[in-house]
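Trainee: Take a look at the letters that make up each chain.
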Amino acid sequence: MNAVLDVQNLYLGVSQNNRYSPILNGVNLEIQRSQIHGLVGESGAGKSMLAKAILGILPNSTTINKGYIHFKGSDLAGMSRYERRQLASRHIAMIPQDPMTSLNPVRRIGSQLGDVLRLHMKLNRILAQERVLELLNDVQIRDPKRVVHQYPFELSGGMRQRVLIAMAFSCKPELIIADEPTTALDVTVQHQILQLIKQLQSETGTSVLFISHDLGVIAKICDYVSILHSGNIVEMQSAINLFQNPLNKYTKNLLEITSHYYRFENAD
Amino acid sequence: MSFPFLLRRLVLVIPTLIGVSIIVFVLLRVVPGDPIMMMIPPGATEDDIDHLRQLYGLDKPILEQYFDWFSEVLKGDFGTSISLRQDVVELILSRLPATIELAVAAMFISVILGTLLALIGTFWSNRWPEIIVDGFTGLNQAIPDFLWGLIFILVLGVLWPLLPVSGRIDPRISLDLVSQFYIAESLIRGEFSVFLTLIKHMIMPAIALALPLTAVISRSLKASLRETMTQDYIRMAQIKGFGPWRILIVEALRNAMIPTVALSGVQFNFLLGGTVLIERIFSYPGIGNMSIGAVIDRDLPLIQGLIITFAILFIITNLVIDMSYRTLNPRVRNE
Ligand SMILES: Nc1ncnc2c1ncn2[C@@H]1O[C@H](COP(=O)(O)OP(=O)(O)OP(=O)(O)O)[C@@H](O)[C@H]1O
Ligand SMILES: [Mg+2]
Numbered sequence: 001m002n003a004v005l006d007v008q009n010l011y012l013g014v015s016q017n018n019r020y021s022p023i024l025n026g027v028n029l030e031i032q033r034s035q036i037h038g039l040v041g042e043s044g045a046g047k048s049m050l051a052k053a054i055l056g057i058l059p060n061s062t063t064i065n066k067g068y069i070h071f072k073g074s075d076l077a078g079m080s081r082y083e084r085r086q087l088a089s090r091h092i093a094m095i096p097q098d099p100m101t102s103l104n105p106v107r108r109i110g111s112q113l114g115d116v117l118r119l120h121m122k123l124n125r126i127l128a129q130e131r132v133l134e135l136l137n138d139v140q141i142r143d144p145k146r147v148v149h150q151y152p153f154e155l156s157g158g159m160r161q162r163v164l165i166a167m168a169f170s171c172k173p174e175l176i177i178a179d180e181p182t183t184a185l186d187v188t189v190q191h192q193i194l195q196l197i198k199q200l201q202s203e204t205g206t207s208v209l210f211i212s213h214d215l216g217v218i219a220k221i222c223d224y225v226s227i228l229h230s231g232n233i234v235e236m237q238s239a240i241n242l243f244q245n246p247l248n249k250y251t252k253n254l255l256e257i258t259s260h261y262y263r264f265e266n267a268d
Numbered sequence: 001m002s003f004p005f006l007l008r009r010l011v012l013v014i015p016t017l018i019g020v021s022i023i024v025f026v027l028l029r030v031v032p033g034d035p036i037m038m039m040i041p042p043g044a045t046e047d048d049i050d051h052l053r054q055l056y057g058l059d060k061p062i063l064e065q066y067f068d069w070f071s072e073v074l075k076g077d078f079g080t081s082i083s084l085r086q087d088v089v090e091l092i093l094s095r096l097p098a099t100i101e102l103a104v105a106a107m108f109i110s111v112i113l114g115t116l117l118a119l120i121g122t123f124w125s126n127r128w129p130e131i132i133v134d135g136f137t138g139l140n141q142a143i144p145d146f147l148w149g150l151i152f153i154l155v156l157g158v159l160w161p162l163l164p165v166s167g168r169i170d171p172r173i174s175l176d177l178v179s180q181f182y183i184a185e186s187l188i189r190g191e192f193s194v195f196l197t198l199i200k201h202m203i204m205p206a207i208a209l210a211l212p213l214t215a216v217i218s219r220s221l222k223a224s225l226r227e228t229m230t231q232d233y234i235r236m237a238q239i240k241g242f243g244p245w246r247i248l249i250v251e252a253l254r255n256a257m258i259p260t261v262a263l264s265g266v267q268f269n270f271l272l273g274g275t276v277l278i279e280r281i282f283s284y285p286g287i288g289n290m291s292i293g294a295v296i297d298r299d300l301p302l303i304q305g306l307i308i309t310f311a312i313l314f315i316i317t318n319l320v321i322d323m324s325y326r327t328l329n330p331r332v333r334n335e
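Chains as they are written, first to last, in this note's numbering: chain C, 1 to 268; chain E, 1 to 335.
Heads up, some of the hints might be wrong.
[What the hints assert, rightly or not] So the derived list for chain E, only partly shown, Cβ under 7 Å to chain C, looks like this:
no.	residue
1	Arg235
2	Gln238
3	Lys240
4	Arg254
5	Pro330
[What the hints assert, rightly or not] Listed below are several chain E residues computed to face chain C (Cβ distance under 7 Å; list not exhaustive):
no.	residue
6	Ile239
7	Gly241
8	Glu251
9	Asn255
10	Arg331
Note that these hints are calculated values from the structure, not bench results. All C-beta atoms, glycine included, are put in the ideal place defined by N, C-alpha and C.
Can you build the whole structure from these sequences, using the hints too?
Mentor: This is the structure we're talking about:
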């Protein structure tokens, strides 16, 4: 197998007011190289928690009790923050859910992007600024020369998400985690953003873990899909098979309830 | 910084100053206490008193006195001090630099110290450094600046006499400085031994003035840093792999400073007001100290000049605060 990331038997729970409640109960998830892997599940299923565990940003109240997150031959679950930063921060990037709050409001777009390049790609200031213009161009932002001098509040939500996508792809990561990257955007922009992610993914060969509860979106861009239900992955299939021939009862229900929302577009 | 903003603010300064001057002028003349009674020698006759009253124009109606005074002020003349028999403007200008240096030093200390404490308390939150920061902040919110002044004099001036307790400079040092900005000038000229004695004289009053403000800054900044650290863009910076100090200083501090700066305008004005007592306690030759003398002597022209001076200082501080607020916050910068 040629897996980029391999989550094995992951148990994770949250302690609040001296009460412990489990969230993930033995999750197995393998993400292959150059794949868009969908993660579907109802609200509260623990999709974002799984993403946070992979990214190393779990809240303090949350603990990993068992299991592994294998990445590049090491286990991210058992690492200190410092070790994780050294090993994985360059290679695992994120496209956030809310582009309105995910950029620093008092810093210019150009320096926010440039800083990431200087950190991981060891570029100097001038080269970084040149590269930033290319990156903005790649995500189809018009007039990048102007945008680099702007602040986030001067850009629309779609523009900001494009900037964040540029940032996610900027250091050639092996895996990008996109946690509902289009839910905060309006419908016309959603489609463009999805197309953009798919296009950049196929150009770069990066793997994407694409989280959504919208099966229509999943059908549009994913190669593989995992269904998360009551703390477990109940089904893991190629997208084509999943939509035509779901194995698990929960998945069948999910497809039936939501069938009027999506049209299967991956078949052609 | 946009030009119309500055212009608008400067235009507002004029009515503000006129308002202040009217209030002060009237108040000084209706509160009890007669400047003439303070200056007459024992055994002066009724005639002498009337004569003096006439000389200083105090026999006229208040409104007329005000217009007389105001028309002179427009020419740059604030009159003559009754108790010191010198030109008010000259008197104030000779003492003002001392106060400015003291206040700027105190503001500098409180901003640096307050920011450091807030950063430390946030970085090691819920651990012992935060407890120490909170304790220090609480203590300084409870103790006023003049009490610190007295404690410092007792401890560092009397029990362990390490620092001079009065004045601005050792009187045995012969000064050949041209301006009254001793600290700035001695630094520019490279006269470090003079600079050192100046600092020794200033350090206690400056710290006493700075401590309450330090507490306000560190408390407010720590609260907004804590809030800022939960924001999505901070989480993004962590994911991107930036180090924790860099995230705190580059990503969080500037955002967190915005509300603190907005609040510190009032606080800086408190600090300026604090110079009055502190300068008195340390016999520091600034306009704060001079104000107490002027009030004791009922020196009306001098009091009026001093209050206008303080009003101008308040206005300048607020302007500087507003401008830094605008510089920090790109949203309001170009409005
Ligand atoms: N900071 C937190 N502290 C305690 N519990 C939390 C916290 N964040 C989430 N939870 C709980 O963890 C569970 C999983 O939440 P998670 O955010 O992963 O769901 P999700 O699948 O991403 O849902 P959605 O589709 O709404 O984003 C939920 O039951 C939620 O109540
Ligand atoms: Mg979620």
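Trainee: Look at each hint and say if it fits the structure.
Mentor: Hints and how they fare:
Taken as an interface hint, Arg235/E checks out: its beta carbon lies about 6 Å from the nearest beta carbon of chain C, inside 7 Å. A hinted interface residue such as Gln238/E counts as satisfied when its beta carbon comes closer than 7 Å to some beta carbon of chain C; here the least separation is about 6 Å, so the hint holds. With 7 Å as the threshold, the beta carbon of Lys240/E comes within range of chain C, its nearest partner Cβ sitting at about 5 Å, so the hint holds. A cut of 7 Å between beta carbons decides the hint on Arg254/E: the least distance to chain C is about 5 Å, and the hint holds.
The closest approach between the C-beta of Pro330/E and any C-beta of chain C is roughly 4 Å, which is under the 7 Å cut-off, so the hint is satisfied. Interface restraint check: Ile239/E against chain C, minimum CB-CB distance 5 Å, threshold 7 Å, status holds. Evaluation of the Gly241/E hint against chain C yields a held restraint, the C-beta minimum of about 3 Å falling below 7 Å. A distance limit of 7 Å between C-beta atoms decides the matter here; for Glu251/E the minimum to chain C is near 6 Å, and the interface restraint holds.
For Asn255/E, the interface hint holds, the least distance from its beta-carbon to any beta-carbon of chain C being 6 Å, beneath 7 Å. The beta carbon of Arg331/E comes within 6 Å of a beta carbon in chain C, closer than 7 Å, and the hint placing it at the interface holds.
Hint violations for this structure: none, all hints satisfied.
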